[in-house]
Amino acid sequence: MAKLSMYQLYQYLPKTDCEKCGFSCMGFANRLISRDIKPEDCPFLLEPEYSESLTELNRLLGPEVEKEITGLIIDQEKCNGCGICVTVCEVNMEKSREAESGRGPGFSDDVVLRIDNGKIKLVDPHSCRRANPSSHICRACAELCPTKAISLV
Amino acid sequence: MSEILYESVVCPSCGCLCDDIDVVVEENRVKSIRNVCEWGISKFLFTKKFTPNVKRGRVEKPMIRGKTLTETDYETAISRAVDILKGSKKPLIYGLTNSGYNAQKIALNIARRLKGLFEPRGAALLSSYYAAMGDSNFYVAPLEEIRNNADLIIYWGCNPIHSTPRHLARYSVYPRGRCKERGSQDRAVFTVDVAENEMGKLSRRFLQVERGTDSLVMETMMKLLRGENVEDYKGDIATIENMVRQMTKVSYGAIFFGLGLSARGNAVKNIENLMALVKELNGKTRFVILPLYDDFNTSGVIQLLIRELKNPMPADFSVDHGAKNSKYSLLENLHEVDAALVVGDDPFWSLPSEKSDLLKEIPIVLIDPYWTRTTNKAQVIFPTAVTGIEAEGVAYRMDGLPLKLKKVLESEYPSDESILGEIYQRLHKEFP
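Going down the list, the sequences are from chains A and B.
All the letters of the first sequence, read from the start, carry residue numbers 0 to 152 under the working numbering.
All the letters of the second sequence, read from the start, carry residue numbers 2 to 433 under the working numbering.
The set of hints was computed from the structure by calculation and includes no laboratory data.
Misleading hints may appear alongside valid ones.
[As the list claims (entries may be wrong)] For lysine-lysine, the following DSS-like pairs were computed, each having C-alpha atoms within a straight-line distance of at most 27 Å: (1) K120/A - K91/B; (2) K181/B - K94/A; (3) K49/B - K147/A; (4) K120/A - K311/B; (5) K32/B - K94/A; (6) K408/B - K77/A; (7) K56/B - K120/A.
Please work from the sequences and hints to get the whole structure.
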């Protein structure tokens, strides 16, 4: 999935800035990207003349993508299970000595990311550094992913 | 039926032989696997490489070709295979890179008894590498030492993301080592390849070379190391100069090369030049060189040849007990071959057409778990258990470390080792 831009979504919005949803249209587009709201929250988009725009917005945002509390969006199709994200994750390193030296985490280790059935899986999103708003924003797994299977909202 | 957990299973997919795979088996089927890459899971689920949803067709019964392929039993198929092999003047034993070490050893003994040719898959590149290693006094390092010490990793003519997916995360760039506590921040990665790929984005320097000019780039690097004039080189000289400058500054470097160096039949010259470059670099700092295998036991078959014949070249037992062969690949003698025993490989897919066309005219005995292009041409087909999943074995990692492959699933099929052993016993009885 290509990374979405705010302007890309904005062109499908009514551009009236009515603020019935609580935001301007640009603000609405911004919150669509972060998956805080859904396209159906705009009352104009539910009208028949905007039905094509609504369909296109839902296609762009992807029905299967759900915003995790970490903001990580994992595209299972692109992942090849190389395990770079598991190795570079700082929390994984603290929780599993094996992950520090490149080995996969042990079966009972309580880690954040793990390769499960050949694909990356977010096992414990609450332990991820990105789930804690006071800590600094960590981007290691998404930046180093060679197949761009991990993106951040 | 209860679940069985197998911990630290060795993955029989690529030359990395990852030994941290946890497999959960229920009712003799793999239920879930942890720490395995996409290729590994394709192997465990018997599906196509990198596509775990598409099942590979398995050969279910031994088959003999008359006018058409007909199912038979193992006894009849072995008799037919022995008849083909003993009636041959110069058989070829080919493949073997996806078999255990003991199966490879029996196949070598069959070649010795039949005075045939013994050629592992992809021998041209690897034999020339091991021969050059034998002639030089280079330092050989296990992958763990590269992980602990290396501060420069060079991938030349290979894309580890596709050929050995967990190599970057387990052994080379990203893991934290004893002397490299910050992992990838303490290391640099260079990639040399004919086309920009995913590695180009992960590497600090990416050098794009034209197809077939790798040896010229190596020569240019050597000239730069010696301080000679390189004005006649027409390529991207600025990147090469930058790379060479950084290569001399590091304390420990590792070069991994792949099958890209064997393109256009330049394998021997490329390896000679690469070894000369490593020799030149070792005069200034410490550099190690290792091949990246995409079959799990390619290293094992070369170790076997070195152990048995003191020579990493493919063996030609028709002359002088096989030990004196100096050719890096015997496939140029394919027109002399009058029968073939192929183990765990698909030569009609992997060999160029001018060579595989010669194989069409001779009888082939095939030992392989799956339907391939070669099964369409073979006279006798033996289905087998998959080594490392349904049968035990020993495999050698890319740095030469032997590892024991576990059996996690029960199988109705015999292992390739037992089929080769039976063929060898029958040949031994008939040629005492």
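Going through the hints against the structure:
At most 27 Å may separate the alpha-carbon atoms for a hinted pair to count; K120/A and K91/B exceed this at roughly 53 Å. Restraint check for K181/B and K94/A: the C-alpha separation of about 19 Å stays at or below 27 Å, so the hint holds. With a C-alpha separation of about 23 Å, the suggested pairing of K49/B with K147/A holds against the 27 Å cut-off. Our distance criterion of 27 Å between C-alpha atoms is broken by K120/A and K311/B, whose separation comes to about 47 Å.
About 26 Å separates the Cα atoms of K32/B and K94/A, which keeps this hinted pair within 27 Å; it holds. Taken as a hint, the K408/B and K77/A pair is broken in the structure, with Cα atoms around 30 Å apart against an allowance of 27 Å. As the CA atoms of K56/B and K120/A are separated by approximately 23 Å, the hinted pair is consistent with the 27 Å bound.
Checked against the numbered hints given earlier, the structure breaks hints 1, 4, 6 and satisfies all the rest.
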